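Asks: With the hints as constraints, model all of the structure from the sequences given.
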Amino acid sequence: MKVVAAVILGVLISVAGVLVGAWWAPFVVGLVFGIVEPRARVAIPAGAFVGLLGWALPLAAAQIRVGLAPTAQSLAAIMGFGHEAAIPIVLTCVVGLLLGLTGAWLGSAGRSFLQPAISR
Amino acid sequence: MPSALNALAAAISSAAVLYAAFFGAGPLPALGTAFNPATGAWTMAADAVISSETLHLAGLQQPVRVTLEQDGTSHIVAQTDHDLFLATGYVHARFRLFQMDLLRRQGEGRLSEVVGKAALDSDRFQLQLGLVRTAQFEWSALAPDNRSRLALVAYAQGVNDRIAQVEADHQLPAMFTLLGYQPKPWTPIDSLIVKGDMTYTLDFSDTPLVMALLDKSLGPELTAQWFPILPPNPQSPYDPGPYPGQPTVAPIAAMAQVTDAEATAAADVYQRLAALPPGMGTTGGASNNWAVAGGKSASGGALLAGDPHLHLTLPSIWFQLTMDSPGYHVSGVSFPGTPVVAIGHNQHIAWSETNGQNQATFFYEEKEDSAHPNQYFWNGSWQTYKSVSYDIPVLGGSTEHLTVKLSVHGPVITERGQTTSVWWAGNIPSQDLDVLLGVDQASDFQGFRTALRDWHAPSQNFVYADDKGNIGLISAGYYPQIAGGQPWLPMPGTGEYDVTGTIPYDNIPQAYDPPGGVVWSANQRQVTADYPYYIGTASNFFNPGYRANEIHRVLSQAGKLSAADMMALQTDTRDYLASEIVPILLQAIPNSPSKDLLTNWDYRMEINSPAATIWWTFWQSYLAATFDRYWHSRDVTVARSEVNGALGQDLEAWTLGDPTNSVFTYGGSSHTASDVMQIAFTSTVSTLTKQFGADPNTWTWGKVHQRVIENLAQVSGLNYGPRPDRGDANTPLAAPGFPSSEGPSWRMVVDWGAGTFQAIYPGGQSENPASPWYANRVDTWFNGQYAAMLTADAATSASGSKTWSLQP
Chain A
223 MKVVAAVILG VLISVAGVLV GAWWAPFVVG LVFGIVEPRA RVAIPAGAFV
273 GLLGWALPLA AAQIRVGLAP TAQSLAAIMG FGHEAAIPIV LTCVVGLLLG
323 LTGAWLGSAG RSFLQPAISR
Chain B
49 MPSALNALAA AISSAAVLYA AFFGAGPLPA LGTAFNPATG AWTMAADAVI
99 SSETLHLAGL QQPVRVTLEQ DGTSHIVAQT DHDLFLATGY VHARFRLFQM
149 DLLRRQGEGR LSEVVGKAAL DSDRFQLQLG LVRTAQFEWS ALAPDNRSRL
199 ALVAYAQGVN DRIAQVEADH QLPAMFTLLG YQPKPWTPID SLIVKGDMTY
249 TLDFSDTPLV MALLDKSLGP ELTAQWFPIL PPNPQSPYDP GPYPGQPTVA
299 PIAAMAQVTD AEATAAADVY QRLAALPPGM GTTGGASNNW AVAGGKSASG
349 GALLAGDPHL HLTLPSIWFQ LTMDSPGYHV SGVSFPGTPV VAIGHNQHIA
399 WSETNGQNQA TFFYEEKEDS AHPNQYFWNG SWQTYKSVSY DIPVLGGSTE
449 HLTVKLSVHG PVITERGQTT SVWWAGNIPS QDLDVLLGVD QASDFQGFRT
499 ALRDWHAPSQ NFVYADDKGN IGLISAGYYP QIAGGQPWLP MPGTGEYDVT
549 GTIPYDNIPQ AYDPPGGVVW SANQRQVTAD YPYYIGTASN FFNPGYRANE
599 IHRVLSQAGK LSAADMMALQ TDTRDYLASE IVPILLQAIP NSPSKDLLTN
649 WDYRMEINSP AATIWWTFWQ SYLAATFDRY WHSRDVTVAR SEVNGALGQD
699 LEAWTLGDPT NSVFTYGGSS HTASDVMQIA FTSTVSTLTK QFGADPNTWT
749 WGKVHQRVIE NLAQVSGLNY GPRPDRGDAN TPLAAPGFPS SEGPSWRMVV
799 DWGAGTFQAI YPGGQSENPA SPWYANRVDT WFNGQYAAML TADAATSASG
849 SKTWSLQP
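These protein sequence lines are chains A and B, in that order. Take the numbering used here: the final residue in the first sequence is number 342, and no numbers are missing along the way. Take the numbering used here: the final residue in the second sequence is number 856, and no numbers are missing along the way.
The set of hints was computed from the structure by calculation and includes no laboratory data. Be aware that a few hints might be false.
Covered stretches of chain A (chain B as the covering partner; in silico rule of three or more C-beta atoms under 8 Å from a C-beta of chain B) [as the list claims (entries may be wrong)]:
{"id": "1", "region": "240-247"}
{"id": "2", "region": "273-286"}
{"id": "3", "region": "305-316"}
Computed from a predicted structure; not experimentally measured. We treat Cβ as the ideally placed atom computed from N, Cα and C, and that holds for glycine.
Replies: Okay, structure coming up:
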């Protein structure tokens with residue numbers, strides 16, 4: 223239950239950060255997850271999930287509010303992918319996911335690397 | 049995994065992801081800022097949605113109403129002139145901020161800062177040429193209470209209001225986020241630089257360098273014969289005289305011999321200009337405009353038609369708006385970055401422009417001596433070059449340092465072979481924006497003509513029609529006159545051949561209510577051989593005249609003309625040159641299915657016409673059969689295609705009136721135009737058969753000729769087209785190139801009798817590719833249709849309109 227609450231809080235913080243331009247917020251949230259949560263198998267997926275939602279939710283909101291199809295097509299064209307609208311959408315979600323995942327992984331790895339020294 | 053190894057892998061992965069997010073990777077932009085779903089490039093989705101809203105703008109004196117029609121046309125109604133210009137700046141920036149930034153960067157030589165080395169040549173050249181220096185001088189010359197100064201200051205405030213707004217809301221236009229930079233504040237000088245960009249596009253020419261290269265390789269004799277001052281072919285000047293004084297422009301008796309050093313200098317600049325990235329170099333400009341007096345109009349009121357031909361881009365170079373305030377009631381198109389309507393109408397007059405084409409660029413060879421370092425000899429003494437230094441920041445590279453030397457003639461443009469400087473009319477301070485404000489406010493021809501008196505560059509044919517049935521045409525601009533020498537080549541810079549002044553305003557080409565009831569311009573030479581001033585060579589500065597001839601032919605026919613006739617002529621595809629040559633060709637060639645197609649052809653370059661394809665291919669073959677052996681045998685360093693317009697005039701003239709000219713003689717035996725036409729036609733049929741098969745009926749023009757409207761940022765996926773299109777380089781509906789990317793950038797038809805104002809441009813008001821206003825007008829334009837230019841009041845009550853209430 224604590225994990226679920228933490229994830230929800232993490233998503234909220236990430237979304238809030240993303241909305242004001244702090245795109246790196248999911249990385250920081252993931253980092254904190256990794257450091258706080260002793261189980262890497264929980265912290266890392268949770269961080270990735272927070273990163274994915276942290277970026278995907280604002281995107282979904284924009285889709286509901288104004289529609290994203292022409293924008294996605296335009297971005298695909300700018301990136302040289304013709305009008306394959308799915309590509310920028312997937313890329314955006316992947317960036318969010320990677321930020322959360324690497325943040326959590328780094329936090330978790332750092333924790334396990336430093337823990338023996340701390341416990342000594 | 050051991051914890052140390054795990055930590056190392058996590059650190060490397062995190063670093064890689066963060067690096068890509070902060071700085072990008074390869075062709076990818078900084079992924080974090082660029083793809084942030086709330087503040088990155090995705091903001092173009094919200095930007096594309098326009099709704100009625102209330103906005104607070106710093107600097108406004110009173111509330112302003114902006115009405116946006118369903119197609120994006122903007123109507124600004126302000127209670128003070130200051131607010132009108134401020135709101136114009138805001139509206140321009142709201143829809144075209146990235147375009148405006150690109151335009152100012154192009155002129156100020158700062159493109160490399162955001163796009164990298166690819167733009168360095170353009171930046172170096174622009175800084176050498178001096179648009180920034182001219183803009184700064186123009187700004188400093190404006191009195192504190194000058195109307196254009198006040199307009200520029202208010203306009204800049206409006207642009208900066210928009211920049212502040214998007215920064216505060218984290219809603220920077222997508223291209224800024226993708227390129228990873230923020231727009232710096234807009235200044236009045238930036239507007240003058242944008243104006244300078246257009247002057248450069250329309251007015252700068254390397255033709256004397258081309259002539260020098262032709263002289264060196266083709267030889268002075270043939271260069272003089274084939275590239276004369278006066279046109280060899282029949283033309284239709286709109287100002288037939290009488291002129292003040294006697295004719296003084298003599299044919300080129302003997303072309304000066306170009307030296308190796310001069311040719312080296314010419315080749316250096318010529319090649320540098322040719323290597324400029326697409327869209328960043330001079331593209332020249334063509335256009336049509338004409339007016340019909342009330343007495344010859346079906347409605348009884350004067351008619352006016354204008355279609356400036358420019359590089360067609362998305363977003364367009366134009367932004368359509370109406371501007372209403374106590375001092376201004378004007379409707380038409382403006383250049384984003386400038387606070388004026390450049391082409392349009394007010395309550396009493398309408399106007400449009402075509403390029404004047406007179407020679408505005410002169411190259412001077414500076415005399416130097418090793419005993420006088422950093423000096424040049426001028427007017428009997430040694431002068432020290434002035435110099436100015438620039439730093440050019442380069443994205444992904446080190447900052448370039450550039451020092452520009454300045455002689456009395458202008459900037460030194462090359463020091464290879466022969467130190468050469470350039471005198472360019474575009475470097476003369478020209479308060480064009482102030483002039484256009486005067487035109488915007490003029491209510492009769494006197495006011496219009498007075499306003500244009502101070503227009504220097506680019507020289508433009510301003511056509512005029514008013515609500516009293518009057519028409520006129522003034523080729524306003526600076527017409528440099530030199531003391532002597534051969535201005536069509538680089539000239540000695542020792543003082544004897546300097547520019548001494550311009551043609552007096554009263555003597556420049558112009559017409560007002562001529563007896564025929566029509567005036568027209570299409571970049572042709574405006575005057576006859578009797579005109580007593582040198583204004584440029586026929587073939588290299590002026591258009592060959594086919595569009596002008598066709599327009600004149602149609603307008604001169606008996607009967608009354610209507611607005612519908614004006615629209616039909618703007619979209620007419622009749623090739624005047626074909627109408628002259630094809631009848632002669634038919635006499636020269638044997639019967640064949642291809643000949644049958646030409647026999648029944650109406651000379652229109654329509655998509656479904658196979659005859660159009662046969663004609664165009666034939667004409668290219670005829671040029672090649674006549675001139676290529678000269679090019680090959682003399683190793684001419686200028687591409688023949690670059691001077692086809694000039695050679696075409698010669699070939700036309702010989703075919704029509706001198707078919708036994710010695711140019712057709714080769715292989716030791718005498719040939720005539722008819723012989724060469726047969727050879728060219730045989731080649732044409734062979735080429736088209738190979739390309740499209742044996743049936744000539746399938747050789748339709750649309751298979752050969754297409755039109756593309758290019759994205760300004762050169763993102764090909766955001767282009768419109770290419771798609772088959774009609775017209776060619778010589779038709780009133782201009783469509784030069786394969787695919788054609790230039791042509792009528794705005795079509796406007798005014799009928800003062802009926803009170804109708806109609807227009808269209810191929811693009812949309814928004815630079816945002818996700819916006820419904822990105823390319824919404826293109827299909828209408830392709831179909832030859834127009835939209836009504838509404839008044840602000842009519843727009844407010846039109847269905848689908850949105851309103852912005854701008855509050856102080």
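Asks: Does the region 305-316 of chain A contain three or more residues whose Cβ lies closer than 8 Å to a Cβ of chain B?
Replies: It holds, with 4 qualifying residues against the three required.
Asks: Counting residues of the region 273-286 of chain A that have a beta-carbon nearer than 8 Å to any beta-carbon of chain B, does the count reach 3?
Replies: Holds, because 5 residues of the region 273-286 of chain A bring their Cβ atoms closer than 8 Å to Cβ atoms of chain B.
Asks: Take the region 240-247 of chain A, compare each residue's beta carbon with every beta carbon of chain B, and decide whether three or more fall closer than 8 Å.
Replies: As far as the region 240-247 of chain A goes, the hint holds, because 6 residues have Cβ atoms under 8 Å from chain B.
The structure agrees with every numbered hint stated previously.
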